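Using the sequences and the hints, build the whole thing.
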Amino acid sequence: MAGESYQVDRAQAMIAGPVASADWLIVVPVVLPIVCGALLLMFRHRMRIHAFMALAALALVTAANASMLRRVLADGPFSMTMGGWLPPFGISFTADVLGVSFALVGSAVAFICCLYSLGDIDRTGRRYGFYAFLMLMMAGVNGAFLTGDMFNLYVWFEVFLISSFGLLILGSDKAQIDGAVKYAILNLVATTLFLIATGYVYGTFGTLNMADLARKVDGLSDTAPLMTLSALYLLAFCMKAAAFPVNFWLPASYHTPRIVTAALFGGLLTKIGIYALMRSMILIFAVERAAYSMPIAIVAGATMILGALGALAQSDLRRMAGFLVISGVGVMLSGLALGSEGGLAGMAFYALNSMVVMTALYILAGTMGAAGAGFSLHDLGGLYRARPLLAAIAFLLILAAAALPPASGLWPKIVLVQASLAEGAGWLAGAILVSGFLTTLALGRVFLLAFWRPASASLPIARVPSLSLAVLLLLLVPVLLVGLYPEPVIAMSGSAAKGLLDPSAYIQAVFPQAGGG
Amino acid sequence: MRTLIFRTAAPFITALMLLLSVFVLLRGHNDPGGGFIGGLIAVAAFAVQGIAFGVPVVRRAIYFHPMAIAGSGLLLAALSGVLSYAFAVPYLSGLWSAPSLFGVTVDVSTVLFFDIGVYLVVVGGITSIALSLEEREDG
Amino acid sequence: METIFSLLVALFFTGGIYLMLSRHLIRILLGVVLFSNAVNLLIFTNGRLTHAVPPIISPDLMTPAGPVANPLPQALILTAIVISFSFFSFLLVVAYRAYQDLGTDDTEEMRVAEPANEAPPPMGY
Numbered sequence: 087m088a089g090e091s092y093q094v095d096r097a098q099a100m101i102a103g104p105v106a107s108a109d110w111l112i113v114v115p116v117v118l119p120i121v122c123g124a125l126l127l128m129f130r131h132r133m134r135i136h137a138f139m140a141l142a143a144l145a146l147v148t149a150a151n152a153s154m155l156r157r158v159l160a161d162g163p164f165s166m167t168m169g170g171w172l173p174p175f176g177i178s179f180t181a182d183v184l185g186v187s188f189a190l191v192g193s194a195v196a197f198i199c200c201l202y203s204l205g206d207i208d209r210t211g212r213r214y215g216f217y218a219f220l221m222l223m224m225a226g227v228n229g230a231f232l233t234g235d236m237f238n239l240y241v242w243f244e245v246f247l248i249s250s251f252g253l254l255i256l257g258s259d260k261a262q263i264d265g266a267v268k269y270a271i272l273n274l275v276a277t278t279l280f281l282i283a284t285g286y287v288y289g290t291f292g293t294l295n296m297a298d299l300a301r302k303v304d305g306l307s308d309t310a311p312l313m314t315l316s317a318l319y320l321l322a323f324c325m326k327a328a329a330f331p332v333n334f335w336l337p338a339s340y341h342t343p344r345i346v347t348a349a350l351f352g353g354l355l356t357k358i359g360i361y362a363l364m365r366s367m368i369l370i371f372a373v374e375r376a377a378y379s380m381p382i383a384i385v386a387g388a389t390m391i392l393g394a395l396g397a398l399a400q401s402d403l404r405r406m407a408g409f410l411v412i413s414g415v416g417v418m419l420s421g422l423a424l425g426s427e428g429g430l431a432g433m434a435f436y437a438l439n440s441m442v443v444m445t446a447l448y449i450l451a452g453t454m455g456a457a458g459a460g461f462s463l464h465d466l467g468g469l470y471r472a473r474p475l476l477a478a479i480a481f482l483l484i485l486a487a488a489a490l491p492p493a494s495g496l497w498p499k500i501v502l503v504q505a506s507l508a509e510g511a512g513w514l515a516g517a518i519l520v521s522g523f524l525t526t527l528a529l530g531r532v533f534l535l536a537f538w539r540p541a542s543a544s545l546p547i548a549r550v551p552s553l554s555l556a557v558l559l560l561l562l563v564p565v566l567l568v569g570l571y572p573e574p575v576i577a578m579s580g581s582a583a584k585g586l587l588d589p590s591a592y593i594q595a596v597f598p599q600a601g602g603g
Numbered sequence: 096m097r098t099l100i101f102r103t104a105a106p107f108i109t110a111l112m113l114l115l116s117v118f119v120l121l122r123g124h125n126d127p128g129g130g131f132i133g134g135l136i137a138v139a140a141f142a143v144q145g146i147a148f149g150v151p152v153v154r155r156a157i158y159f160h161p162m163a164i165a166g167s168g169l170l171l172a173a174l175s176g177v178l179s180y181a182f183a184v185p186y187l188s189g190l191w192s193a194p195s196l197f198g199v200t201v202d203v204s205t206v207l208f209f210d211i212g213v214y215l216v217v218v219g220g221i222t223s224i225a226l227s228l229e230e231r232e233d234g
Numbered sequence: 242m243e244t245i246f247s248l249l250v251a252l253f254f255t256g257g258i259y260l261m262l263s264r265h266l267i268r269i270l271l272g273v274v275l276f277s278n279a280v281n282l283l284i285f286t287n288g289r290l291t292h293a294v295p296p297i298i299s300p301d302l303m304t305p306a307g308p309v310a311n312p313l314p315q316a317l318i319l320t321a322i323v324i325s326f327s328f329f330s331f332l333l334v335v336a337y338r339a340y341q342d343l344g345t346d347d348t349e350e351m352r353v354a355e356p357a358n359e360a361p362p363p364m365g366y
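Residue numbers (our numbering), protein chains in the order written: chain A, 87 to 603; chain B, 96 to 234; chain C, 242 to 366.
The hints are simulated quantities; they were obtained by calculation from the structure and are not laboratory data. Be careful, since some hints might not be right.
Stated by the list, open to error - Estimated spans, in silico, between C-beta atoms of each pair:
1. Thr291/C x Ala102/A: 57 to 67 Å
2. Lys584/A x Val201/B: 47 to 57 Å
3. Leu115/B x Thr291/C: 31 to 41 Å
These numbers come from a predicted model, not from an experiment. All C-beta atoms, glycine included, are put in the ideal place defined by N, C-alpha and C.
See the structure below:
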């Protein structure tokens, strides 16, 4: 049915003018991993090229994200709507500072994890499709950060979820199957809640484009069930982010897969929940978020304290890292509870910081486990004397995970504490500080036991692969750099928060004719 | 399920279903049908064959590993969108051309290739799961 | 009409959630199926129910001749069905695997990843 034979004015529904090449950059972080993942699935027996291709693709994706970040910082958000339809008919991809910065850090972290995987994933893992699943998961992750459509966000959630299953059961020992069952079912419930809310959003608004939702939300009648909708989103995304009452799937599963998989999950997946919370609760349901700020604050406080207490109660390093991820999610949620510019900036900054630090923490746990004898604090010991370089890296990483100077985590915490004091929520600031103290305690104990305690004679200390040390250093460098010179990242997260609170630029990018607002 | 009647009928059922799946795939643009539903019919055909003759027969018959088929479909679908770049239209825009083959005008479009990609993804992905479930039953 | 469908959706949700609260994996899976179908029906109802023809435009016309059904919820449902189908088939494989490897489908007894009586971390050395 070629279009020429009809005389119809398509300008109402279709994009007329040509699309600038630069706008195509926005699909690169999604399409490139899909193409690469597809090629890896096709050539599943050429295992030597797998890691190579994955590294190359992730490097390109990181570069694309970096150049997009430069553009959105300079010129504001930009958008492309798929299939030539005009928004809101087509699915929009919209890049703004928040989404692109998350995508950039996420793909950089994935690149570094991919480097680590060279030593962690053996031939069986490759044949089983580790790199293919990794690529598809990164497509889902980047898609979630860049999409401008609520339903499409759901689709990307499912894409990275299904690929993450593949990664989770790689190797299929009993603990992995056990963890995967719980992970799969609870995450399925979370995404289904998300879908329910999205169905209602369509019924209420008649649109699913985020920019369109943001501009229509003020004009709705008072009877629209916005409080219910936002509560559903809140529950669904809190579940994805592993906030307190709905966090139990995370410590049940994140310690079971290979270290590199756990590192990726701990670094990236919960942050997507955080990102989606910021998108939905600030951009669209700002009024409702203000009404819910007290419950969110309580959830935030409980998550960070109970996460840190959970970490204190663990003797397995990897499970401890899982609880620290949860505790960090609580700190981020406190920013959502505040909802002020400072709070959101701190939230975004802390999430970016946590992506790097939590990945590094899991890799550190893996390296310590490989060097010592397993992951249990009962067995580890004597690493300080035997592996001094690892001890130095571990010390700095522990400071980073506890958000102490000179690491980058300090600054978002300061921003968040400041913001909570400014909002008169002194107890929230107190909770952030107490959780930081408990985290320090838990991690300090790891250093005490695994590094300072004399080694038990029966357990020899193995060689530490230099690749692991290099990867840890690679992750540590940005943490320390940002810790010593945080200005650019603070400015970036500030502008991300501004872009959420005042969505006129975001709406303008999607609907250029309408003139925003 | 390896009765004589079933084993005799299975190849015909499989062949017919595969043909039907392609038919459903191709009519999909303007009529009910499409890649997903066509792919499911094809998977059902392979499953029937697997129940009748065992999984190894099916694996030999489709020659490629199911996941490789899924990968090629994913590649086709993703690349059919990339073609838009050359025409300066947004990603995944439908591009049409109507070449004449042996005097018959055939509408060829990126949409069609996308749908074929979906078909292959479904065939590959679901066959891989269905066969692995059937294998466990046998073993 | 919408009321009847809303009640039906509620019924599906009730059944799905009840089954998912069970300890047995197979019931949880059945609950998942009911749950995701409830959502599909919910999206369908949210697109408003009308006595209208399918949104197919006849070849000699440019716009639909009369009121047609809203195609968007159907597209959304189709996507959701595809996703929940692949999700469910994956879940089925994992559950089957879990039953084979762990020897139980009782989630209370699945304590491999989180052992029940784990010793607390050392208090000192």
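request  = For the range 31 to 41 Å, tell me whether the beta carbons of leucine 115/B and threonine 291/C fit it or not.
outcome  = holds (32 Å)
query = Falls inside 57 to 67 Å, the C-beta gap from threonine 291/C to alanine 102/A?
reply = violated (32 Å)
query = At the C-beta level, are lysine 584/A and valine 201/B separated by a distance inside 47 to 57 Å?
reply = holds (53 Å)
Violation of the numbered hints given earlier is confined to hint 1; every other hint is satisfied by the structure.
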